[in-house]
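Trainee: Sequence lines, in order, name chains P and W. For the first sequence, our numbering begins at 1 and goes up steadily by one. For the second sequence, our numbering begins at 1001 and goes up steadily by one.
Some hints could be false.
[Claimed, not checked] Ranges between beta-carbon positions, derived for each pair:
1. W:N1021 <-> P:L162: 22 to 28 Å
2. W:R1255 <-> P:P148: 51 to 57 Å
3. W:D1170 <-> P:G18: 35 to 41 Å
4. W:T1005 <-> P:L188: 51 to 57 Å
5. P:L160 <-> W:G1179: 51 to 57 Å
6. W:N1036 <-> P:S154: 24 to 30 Å
7. P:S154 <-> W:G1179: 42 to 48 Å
8. P:R243 <-> W:D1170: 38 to 44 Å
9. P:A182 <-> W:S1068: 55 to 61 Å
10. P:L157 <-> W:D1111: 34 to 40 Å
11. W:D1111 <-> P:Y61: 21 to 27 Å
12. W:A1120 <-> P:R243: 19 to 25 Å
13. P:S228 <-> W:A1120: 49 to 55 Å
14. W:G1118 <-> P:L160: 47 to 53 Å
[Claimed, not checked] A short, non-exhaustive set of chain P residues, derived as facing chain W with CB atoms under 10 Å:
15. R5
16. F9
17. E13
18. R16
19. F20
20. R36
21. Q74
22. L78
23. L79
24. S80
25. L187
26. R189
27. L231
28. S232
29. D245
For the record, the hints were derived by calculation from the structure and aren't laboratory data. Owing to the predicted nature of the structure, the values given are computational and were not obtained by experimental measurement. C-beta atoms are modelled at their ideal positions from N, C-alpha and C, and glycine is treated no differently.
Each chain, letter by letter, is given below.
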Amino acid sequence: MRTLRFTGFTLLEYIRSGRFIIEVIATLIVYFVFLRRVGLGMSAEYFFSVTGIYTPALTLYSTAAFIGIGDRPQGYVLLSRGVSRANYLLGIFFGTLVIVSGSYGILSIMAAVFNRPPDLDLLGWFQGTMPLLLNIGLLSALMIMLSPMVFATSWRLLVLGLIALAFSSNFIGGTLLEALPAWGQALLRATQALLGGPLVPAFYGFQLAVTRDYAASTALVNLAAQFSLLLSLLGLAIYAFSRRDLIFSHQ
Amino acid sequence: MIEITDLSKSYGSVQVLRNLNLHVATGEIYGLLGPNGAGKSTLLHLMLGFLKPSSGSMCLLGSSNLDSVRPQIGYIPERQRYHTRYTAREYLRFIGEFSGMSGSRLADKVDAELHTVGLANDADRVMGVFSKGMLQRVGVAQALLCDPALLLIDEPTSGLDPSGQRDIIDLLANLRDRGHTVFLCTHYLHEIEHLCDRVGILAGGKLATEAIVRDLRAPGGSVIIEVDAISTELRGTLEAMGRGVTCDLRTVRVRQNTPHIQAMVLRRLLDAGASIIALEPMESPLEQLYTKAVQADTSPQVPEYQASAIDRTTSPLPVNPPPPAPRLPSEGDTLLNELLRRGSEQEPEQEAGNREQETSADRGDP
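The task is simple: from the sequences and hints, build the whole structure.
Mentor: Have a look at this one:
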């Protein structure tokens, strides 16, 4: 209950700050540039491809803005009252989720009213929206976990290094890979596979949103994997936040 | 109420608090004095659970589980950091809700505390337009909202203008009757003198010394007496009273002041018809205590001039220190009262004289 109250408190603060206008304007621009498509029509696949790229980008901005609101000395008073550290972090997370989901909702409504994809019904919208929202949550939880108020600099660098290593197959290959000794190549491939594992649900989630192909059981497994990963990231963030010295950035 | 034992806190290689031991009894108003960076705010944040101690233990309100007692603690932070996009009433309502209050009880309590801090007429204005003093009043109100048993106050007048400082000090002084235990961190000596029962001085991460504030109010140190004019004859008379008494054209300095010497000097001045403009300590006993403690922060010593100024390592304070007793008038005070009485008697006579002169001038009398 306190999490919900604190989410409301943070949201109201965010809205009164006027920052939500950025989201509204960005959403309108995306609609008019990419989704209006006068005379061209729009398929469901196209709609989810655009929103599947736009919403994570918006999540980066909104989460950063909410972290900025949370990472202020004003938070000390709230945390000295009944707001626990878990409430505090979840309030920031849910606040972000409401704003980004709201922007996605606006896009969906505008598309439904003015340029509805003929192959998209309500059930299809839900099927595409579920993995998309889980991806928004995943990215937001990851950003909150990597924020200065949750992770110390050394831990942030470590996690970012691991993420970079997971993606390293994109830029370490060919002659560069061959230059490594055999055991080095094997170790790198194993590390990439190991660290790339947690990224699979996010990428597959994007694909699932676009295709909305729930015929195979892997679709549901992937939703479960996305959800589990989201809970793990939030749990890790809350654990780290509750254990560390609380020193908000000064403004 | 507050029991801190061997508390240390380090940030990497920087040790902020070193084996701090501190006891504050229920109902006491304790002031922690120290220069900037001494670790006062760190200590408060440790008490609030924002920071984890490197070693040592803390027991607040009878419990070492800080999370469980936090609802009974009110906290007033320094620098008036509040969510200024809300009105004062909205903000207090949110704080009350976070603390588990609701409905008419919360609404009544919010109204009552807004009235207590003098913001009833500004309750529905956005705090972004508030002055720093008004924001700090909101801070006091939010801390009082849940009737806390313990109030932790961090630099309450930091950044305020003199008028705002006086308002906040008066406001906090009025809270004395509500029976809260108060732990006040500050680097302003006058806040300690006005508000606290007991003072501790934090220097070099340690509690260098403690004292009972009422004892520090006793006459001591040196005083400076300012008068309208001192004749050569009067100057000679005064300086003949002792080596500690020195004069120039308008001031008398009494070094190593005692009630007896002060009374003698004042009587001579009165008898000579001098008008006394001010009598002030050249350096207050608290200031002396503070200066000594800070200068010798590596080897805390008992101040020489105060028997009640106590070094924790040699003579701990009683568990329940006595409540502040009313100050008894000294001989110097009696003379000051006499001065004031004479002044008030002379004023009507002078005014009557002035009026008579003005009337004569109006009539054109010579």
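Trainee: Next step is simple, just say for each hint if it's right about the structure.
Mentor: These are the hints, each one checked on the structure:
1. With their beta carbons about 44 Å apart, W:N1021 and P:L162 fall outside the hinted range of 22 to 28 Å.
2. Separation of W:R1255 from P:P148 is about 55 Å and conforms to the stated range, judged on CB atoms against 51 to 57 Å.
3. Our hint of 35 to 41 Å for W:D1170 and P:G18 holds, since their Cβ atoms are close to 37 Å apart.
4. Distance hint for W:T1005 and P:L188: a CB-CB separation of about 52 Å, consistent with the stated range 51 to 57 Å.
5. At roughly 52 Å, the beta-carbon separation of P:L160 and W:G1179 lies within the given 51 to 57 Å, and the hint holds.
6. Between W:N1036 and P:S154 the C-beta distance comes to about 29 Å, which sits within the given range of 24 to 30 Å.
7. One distance hint, 42 to 48 Å for the beta-carbon pair P:S154 and W:G1179, holds here, with the actual separation near 47 Å.
8. Distance hint check for P:R243 and W:D1170: the Cβ-Cβ separation is about 41 Å, which falls inside the suggested range of 38 to 44 Å.
9. For P:A182 and W:S1068, the hinted distance range of 55 to 61 Å is satisfied, since their beta carbons lie about 58 Å from each other.
10. For the pair P:L157 and W:D1111, the supplied restraint of 34 to 40 Å is violated, since their beta-carbon distance comes to about 51 Å.
11. Between W:D1111 and P:Y61 the beta carbon distance is about 40 Å. The supplied range of 21 to 27 Å is therefore violated.
12. Range check, W:A1120 to P:R243: about 42 Å between beta-carbon atoms, so the 19 to 25 Å window is missed.
13. As the Cβ distance of P:S228 to W:A1120 is approximately 52 Å, the hint placing it in 49 to 55 Å holds.
14. A C-beta distance of roughly 50 Å is found between W:G1118 and P:L160, which places it inside the suggested range of 47 to 53 Å.
15. Annotation: P:R5 was flagged as interfacial toward chain W, and the flag holds, the nearest CB pair being 5 Å apart, inside 10 Å.
16. This hint holds: P:F9 has a C-beta 5 Å from the nearest C-beta of chain W, less than the 10 Å allowed.
17. Contact between P:E13 and chain W, as hinted, is supported at the beta carbon level, the nearest pair being about 5 Å apart and thus within 10 Å.
18. This hint holds: P:R16 has a C-beta 4 Å from the nearest C-beta of chain W, less than the 10 Å allowed.
19. Proximity of P:F20 to chain W is violated relative to the hint, the smallest CB-CB distance being about 13 Å (cut-off 10 Å).
20. For the restraint placing P:R36 at the interface with chain W, the shortest Cβ-Cβ distance is roughly 34 Å, beyond the 10 Å limit, so the hint is violated.
21. A least Cβ separation of about 5 Å between P:Q74 and chain W falls short of the 10 Å threshold, and the interface hint therefore holds.
22. Because the smallest distance between the Cβ of P:L78 and any Cβ of chain W comes to about 6 Å, under 10 Å, the interface hint for this residue holds.
23. This hint holds: P:L79 has a C-beta 7 Å from the nearest C-beta of chain W, less than the 10 Å allowed.
24. Given the 10 Å rule on beta carbons, the hint for P:S80 holds: about 4 Å separates it from the nearest Cβ of chain W.
25. Given hint, P:L187 at the interface with chain W, is violated; its Cβ is 33 Å from that chain's nearest Cβ, farther than 10 Å.
26. Evaluation of the P:R189 hint against chain W yields a violated restraint, the C-beta minimum of about 38 Å exceeding 10 Å.
27. With a least beta-carbon distance of about 23 Å to chain W, the hint placing P:L231 at the interface is violated under the 10 Å criterion.
28. A cut of 10 Å between beta carbons decides the hint on P:S232: the least distance to chain W is about 24 Å, and the hint is violated.
29. This hint holds: P:D245 has a C-beta 5 Å from the nearest C-beta of chain W, less than the 10 Å allowed.
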